[in-house]
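> One-letter residues, chain by chain:
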Amino acid sequence: MIPLSLLPPALLLVVGFCAVLAGRRGALSHALGAAGATGASLIGLGITIAALRNARWETVSLPWNTSIGASFSIGFDPLSGFFLLPIYGLSAVCAVFGFGSLRHGSRERSLGSSWLFFCVLAASMALVVLARNAVLFLVAWEIMSLSSWLLVAHEHEREEVRQAGITYLVATQIGTAFLLVMFLILGAAGSAGAPAASPAGQEQGAVLDFARFAAGSGTGIGAVSGIVFVLSLVGFGTKAGIVPLHVWLPEAHPAAPSHVSALMSGVMIKTGIYGILRVLTFLGAPVAWWGWTLVAVGAVSGIVGVLFALAQHDIKRLLAYHSVENIGIICLGLGVGLLGVSYNAPVVAVLGFAGGLLHVLNHAIFKGLLFLGAGAATHATGTREMDRLGGLLRRMPLTGLGFLVGAAAISGLPPLNGFVSELLIFLGAFHGFALPGIPLAVSGAVVIGALALIGGLAAACFTKAFGITFLGEPRAPEAAKAVEAGVSLVAPVLFLAAACAAIGLAGPYALSLIAPVVGVLAGLEPGAAAGLVGPARAGLQSVVLAAVWVAALSGAMALVRVLLQRGRAVIQSGTWDCGYVKPDARMQYTSSSFAQPLTGMFGTLLRTTRRWRPIEEPFPKEASFASETPDLFAQRFFRPVFKGAGAALSRMAWLQHGRLQLYVLYLAAALLAVLVWRLS
Amino acid sequence: MGTAGISVLQLALSLVLAPLVPGIANRVKAVVAGRRGQPLLQAYHDIAKLLLKGSVYSRTTTWVFRAGPALGCAAAMVALAVLPWGADASLLSFEGDLILFAGLFGLMRFLTILSALDTGSAFEGMGASREAWFSALAEPALLLALASLAGKAQSLSLAAVLAGPGIGGGRGAAVLLAAGAVFIVFLSENARIPVDDPATHLELTMIHEVMVLDHSGVDLAYIQYGSTLKLWALGGLIVGILRPRTGQWMADCAIGLGGMLCVGIATGALESFIARLRLARVPQLLVAGGAMAALALALSLVR
Chain W
1 MIPLSLLPPA LLLVVGFCAV LAGRRGALSH ALGAAGATGA SLIGLGITIA ALRNARWETV
61 SLPWNTSIGA SFSIGFDPLS GFFLLPIYGL SAVCAVFGFG SLRHGSRERS LGSSWLFFCV
121 LAASMALVVL ARNAVLFLVA WEIMSLSSWL LVAHEHEREE VRQAGITYLV ATQIGTAFLL
181 VMFLILGAAG SAGAPAASPA GQEQGAVLDF ARFAAGSGTG IGAVSGIVFV LSLVGFGTKA
241 GIVPLHVWLP EAHPAAPSHV SALMSGVMIK TGIYGILRVL TFLGAPVAWW GWTLVAVGAV
301 SGIVGVLFAL AQHDIKRLLA YHSVENIGII CLGLGVGLLG VSYNAPVVAV LGFAGGLLHV
361 LNHAIFKGLL FLGAGAATHA TGTREMDRLG GLLRRMPLTG LGFLVGAAAI SGLPPLNGFV
421 SELLIFLGAF HGFALPGIPL AVSGAVVIGA LALIGGLAAA CFTKAFGITF LGEPRAPEAA
481 KAVEAGVSLV APVLFLAAAC AAIGLAGPYA LSLIAPVVGV LAGLEPGAAA GLVGPARAGL
541 QSVVLAAVWV AALSGAMALV RVLLQRGRAV IQSGTWDCGY VKPDARMQYT SSSFAQPLTG
601 MFGTLLRTTR RWRPIEEPFP KEASFASETP DLFAQRFFRP VFKGAGAALS RMAWLQHGRL
661 QLYVLYLAAA LLAVLVWRLS
Chain Y
1001 MGTAGISVLQ LALSLVLAPL VPGIANRVKA VVAGRRGQPL LQAYHDIAKL LLKGSVYSRT
1061 TTWVFRAGPA LGCAAAMVAL AVLPWGADAS LLSFEGDLIL FAGLFGLMRF LTILSALDTG
1121 SAFEGMGASR EAWFSALAEP ALLLALASLA GKAQSLSLAA VLAGPGIGGG RGAAVLLAAG
1181 AVFIVFLSEN ARIPVDDPAT HLELTMIHEV MVLDHSGVDL AYIQYGSTLK LWALGGLIVG
1241 ILRPRTGQWM ADCAIGLGGM LCVGIATGAL ESFIARLRLA RVPQLLVAGG AMAALALALS
1301 LVR
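Chains as they are written, first to last, in our numbering: chain W, 1 to 680; chain Y, 1001 to 1303.
Since the hints were derived computationally from the structure, they do not count as laboratory data. Treat the hints with caution; some may be incorrect.
[Claimed, not checked] Computed spacing ranges between beta-carbons, pair by pair:
| no. | chain 1 | residue 1 | chain 2 | residue 2 | range |
| --- | --- | --- | --- | --- | --- |
| 1 | W | Gly-603 | Y | Gly-1247 | 32 to 38 Å |
| 2 | W | Cys-578 | Y | Leu-1017 | 30 to 36 Å |
| 3 | Y | Thr-1246 | W | Leu-563 | 40 to 46 Å |
| 4 | Y | Arg-1278 | W | Arg-611 | 27 to 33 Å |
| 5 | Y | Arg-1035 | W | Tyr-509 | 54 to 60 Å |
Because the structure is a prediction, the values reported are computed rather than measured. Heads up, the beta-carbon is just placed ideally off N, CA and C, and yes, glycines get one too.
In isolation and in its complexed conformation, chain Y is listed as follows:
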C-alpha cells in the first residue's frame, strides 16, 4: 500500500471514527457513576437526526451565521488532513504545517465566535467572550509545546515532530511536559471539564454550548460533527506525542486507534473524578499549561 493510500485511509478512519470518542468518554462517566449511560454511537444518532430536521434562523442573523458551521467543519476536516498518524506523512505535510494546523482551528473558532455574536443574544455574546478569552491563552501553550518538540525533532513538520520515539526516548520529561500542555489545551478547546461542562443545562455557565444555542438542523449537525473532529485532532496530537513508532503502518494504525480509545477513557475518567473549575480559575489552568510548555521548551534547549 502506497504512502498516499495509507494517509487517505487514515484520514477516512479519522473522519468516520471521530464521533465515537465522546461516546467512549460518556460511557466511562456512566460506568463510574453506576449508570448504564447512552449508547456508544449516540453522537452518530444525534448528527443523523439533526441532518434530517428543518431549521430555524433568527431574523437578526446574516450570512455569517449560515456560513460559519460549514466553513468551520471544513476547516476541522482539513486540519485532520494535516495531522499525521503513523511514521508516514499526512496528506498535507510540509515544513511548518503545525502552524497551519493551529491556524485552521483558529479559523474555526473565529467563525464560531462571529456566528454567536451574529445572533445578538446576550447569552451567546457571553459565550463568545469567554471562548475568545480562553483561546487567546491556549494558543501560546499549544505553539510553545509544539515548538519544544520541533526543537527535539530538528524539523518543523508534524510528521517529523510526532515521529519521535514518544516517552520511550531519552528526553521523557520534556515530552511529558509538552503532552501535558497539549492536554490542557485539549480540555479547554473541546469544552471539557474542568474548563467547561458539556452536560450543563444552565446557559449562564456554558461556554461552547451557549454559543450554538441558535443553531439548528443541518447547521447544528455540522457544528457537532466539527467539534468531534476537533476532539479527535487534538487528542490525536497527544497520542502522537506520547506513542512509540513501530514502522509498520498497520501496527501504527492500531496503536493510534488504541491511543484514541485511551484519550476517550482518560477524558471520561477525568470528568468523573474532578469538578469544574470556577470560571475565574480557568485562566490559571491555561497559564499553567503555557508554563509547562515553556518548561518543556527550556528542557529541550539543553541538548
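Bound conformation, chain W alone:
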C-alpha cells in the first residue's frame, strides 16, 4: 500500500527528529544526524537506482481532503527517478561533509536542529519530485523552502546572514505565489476538460491531482496553456535562479554553511527545473514561443551569470553566480528540446533534452564539489575572500585536486562530465542549424553563439577561481597557515571529483540511461529516443577514446621527461621575476586584476564600484583599494520596486496599531463579510 519510494523521506524525518531529541548532548546529536542523514540518503539512492533499472514505476493515491482537491498521491516515473538520483546522492555526500565542517561548533550550540532542517530539506525535495497532487506538491515545496531558509540562517547572529535569509524568504514566497495561481488555473482547466476525456464511471481522484491535469491537456488547457507556461517559468524560475529572478542566490549561498550551499545550489534549485518539466507534461504539444522563451532566458541567464561571477572575489558568491550560468545552460538545452518538438525535429528535441537533463545531473555533481571544496578552503583559512588566499594546493593537496577537477568540469573541458552535456546541447543546436527551416536554424545559431561565449568566459572565471585560490603564494597569513582538512571533508570532495570523471568517461552509458526520460519529454514512443541518440553515443565513445589518447600520450611524455632529466641538473629556485630584488606575495595578480580586462569590457552591465586611496607622496604611508560588484537587477530593479511598495503600504500602517481589541474586531468583521458573501 505504502510505496517504497516514500521510505527514504520517512527515514530522513525520523533521523532528523532523533537528532533533535538527542540534542542535549551536542556530539551525540551531531553524529546521529550526520550518520542517519547519510544512511537514509544512501538507502534512497539504492532504492531509486534499483527502481530505475527494473523500470518499476508506481503511483499510489491515498485520500486526503478532497474538498480542496487534495489527495496524497505519490508517483515514481522516469522523470522523478532521474531527479531523485542527485537529490539522494548529493544529500548523502553533503551530510558527510557537514559532519566534519560543523563539528567545531558542536560544543557551542546544539546541532540537532540544524540536522533536523537538513533531513527535512532532503526529504521534502524527494517529496517534491514524488508528489502527484498540487496541494501535496505545494506543501512539500513550502517545507523545502522553509527548511532551506532555516539552514541559510544557521549563523543568524551575523547581520549579513539575517539579511540574506530575508531576501531568500521573500523571493521564494513570491515564487510560490505564482505557482499557486498556476495550479488553480490547471485545476480549473483540468476539471473542465477531464470528464469528457476519461471513460465514465471511473474513479476520478481529487481535482488537483496531476493525473487530471495531464488528462485534461488535450481539451481544457489549450486556451490557457501559454499563461500556465509563463506562470511556471516565473514561479519555478525564481527557485531555479533564472535572470532576473536570481537575486537571492548570490546572497543566500554565501551565507549558508558550505554543505548546505552545496545541497541548495546542487539540487534544490534543480527542483525548479523539475517543476517546469513536470508542468510541460501537462500542457500537451509545446508551442514554438515556449522554446524561444527558454532559449532567450537561458542565453541571458548564462551570459549574465558568468559575467557577474567573473566580477566577484568572494569565492562562494562567485560559485552562486555560476549556478545562475548553469541554469542558463540547462534552459538552453531544454529550449532546444522544446523547439525540436514544436518544429517536429525529433533529433533536435532528443539531443536538446538529453543535454539539458544531463547537465542537471552534472551540475549537481560539480557544483556540489566546488562548494564543498570552497567550504573546505574556507574552513581551513577562515576567509572566503579570494584575494587573501593563494598557494592552497601545496597546503591542501587533496582538496585542491578535487577543486581543480570541478573547475575543469564546469568549464566544459573534455573529457569531464560538463563537456558531455554541453556537447549534446551543441549537437542539438548544430542539428537544428543544419536542418531545413529558418526558425530552427536561427535558434541553433543563437544557442551555439551563447554556449561558446559562456564556455569561454567560464574557463576564464574558473582559471581565476582555482588559480588565485589554490596556486601561487599565499596572499595573507591565514592562507599560509592552512592545513589539509580532515577526512570527512576531503572524502566527499574526492568522491564527487571521481564522479565528474566517471560520468565524463561513461558518457555513452549515461546517455542511454537518460534516454527513457528524454523520450517522455520529447513525446516519443518508448525506445525511439535511444535510437535517435545513437550517433551522439558513438561520438561520445570517440571522446572517451580521445581522452585515453591524451592520457597515454601525456603519460609517455612525462616518462620521456623523467628519462631525459636523469643525470641532468634539475634545480629548485625562486620564481623568475625579471630581475626584481625583493618580490612579495602581494605583487601577484589577484582575482580582481585577473578578471579586470573582461569585467572592464562589460563594465556597463556590471557597474563595479571602486573605492581607493591613491599613492600620493614619494614615500607613501597608506593606500587602499576596494571594489565591489553588487547585483545590477537587485540594485536597479528590485530595490526601487520594494522601496515603492514599502512606501505605498506604509500608508496602511494606521491599521496596525497594536490594540488587541481592535484586531479581534477585524477578525469578526472579516468573518461576517465572508458569511454574508457566501450566503447571498
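Position chain Y relative to chain W; hints supplied.
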C-alpha cells in the same frame, strides 16, 4: 592504401612538419626585412636543444606546473588526430568532432593559464589574464564560423564540413567570411602579430611568451612543440575551408602541404607589413572576427 593508413600517414606528416611553419614565417619576415634570417629548421633545433637541457623549477610551483606542458602538448596532438586533411575522415571522426577539436584546445589553454598562475609571478599572472580575455572572445568566433560551414555541409563532422568545394563552390562569400573569422582566431590563439608579437623581448607586452617564462628544459620543449602543433591545426583548418578537393589522396596531401606553406608565408607577410595592435584594440579585432562568423552564419541561412 586504406583510409586508416592515409589518416595515420597524414597525422604523422602533421606531427613531423608542424615546427616547419614558424620557420617559413620567420624566413619570409627576414627576406622582407632584407636579412638572411634564421634557418628554416630553427624550431627543430630549439626543441632538440631544450630536450637535452636540465630544468629549473620554482619553489612556488606545484604538480600543476609540471603536468601542464605534457598534458597540453598531448591534447594538441590528439586535436591534430581529429582534423581531417583530404576528403578522407580523420582518425577520430564523428558527428560533432569539431566541438572536441575546440574543446581540446580549450583544455590546452586552461592548463597553460594555470601553469602560469602556479608560479605566482606578477608577469605570468598578467599574461594569463590576457590569454583568458582573448580566448574567451575567440571561442564564439571559431564555433560560429564552424557552425556556418556545418550548416552548408549538412553535417557536424569536420570531415564533411571541410569536404566542401572550398571557395570554388556556389557560396564563396560565406566560406570566405568563415575563413576570415578562423584566420583571426588563428592569429590570436597562436600569439601572432597583430595580437601578440612572438619576437618581443619586453615582458610587459608579451602575452603567450610571458606565460612560459618559468618553464625550462624538457617542459619548454613540450610547450614550444605544442604551440607549433596548434599553429598547424588552426592553419590546417583554414586550408581545409578554402582548398578544393580532388578525390585523390596524394593530390589532396600535396594541396594540403601547399596550403600550409601558404599559411606560413601569409603569416610572415602579415607580420612584416602590419604593426601590432594596441592591447585595448585587440578585443575589437576578435569581436570583428565574431561578427564575420555571424555574418557567414546568416549568409548560410539563405539557402
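> All the hints need checking, so say for each whether the structure fits it.
Status of each hint after checking the structure:
1. Distance hint check for W/Gly-603 and Y/Gly-1247: the Cβ-Cβ separation is about 53 Å, which falls outside the suggested range of 32 to 38 Å.
2. Taking the beta carbon of each, W/Cys-578 and Y/Leu-1017 are about 35 Å apart, inside 30 to 36 Å as hinted.
3. Taken as a hint, the range 40 to 46 Å holds for the pair Y/Thr-1246 and W/Leu-563, whose Cβ atoms sit roughly 43 Å apart.
4. At about 29 Å, the beta-carbon gap between Y/Arg-1278 and W/Arg-611 stays in the expected band of 27 to 33 Å.
5. Taking 54 to 60 Å as the suggested C-beta distance range, the pair Y/Arg-1035 and W/Tyr-509 conforms, at roughly 58 Å.
The structure fails hint 1 only (numbered hints given earlier).
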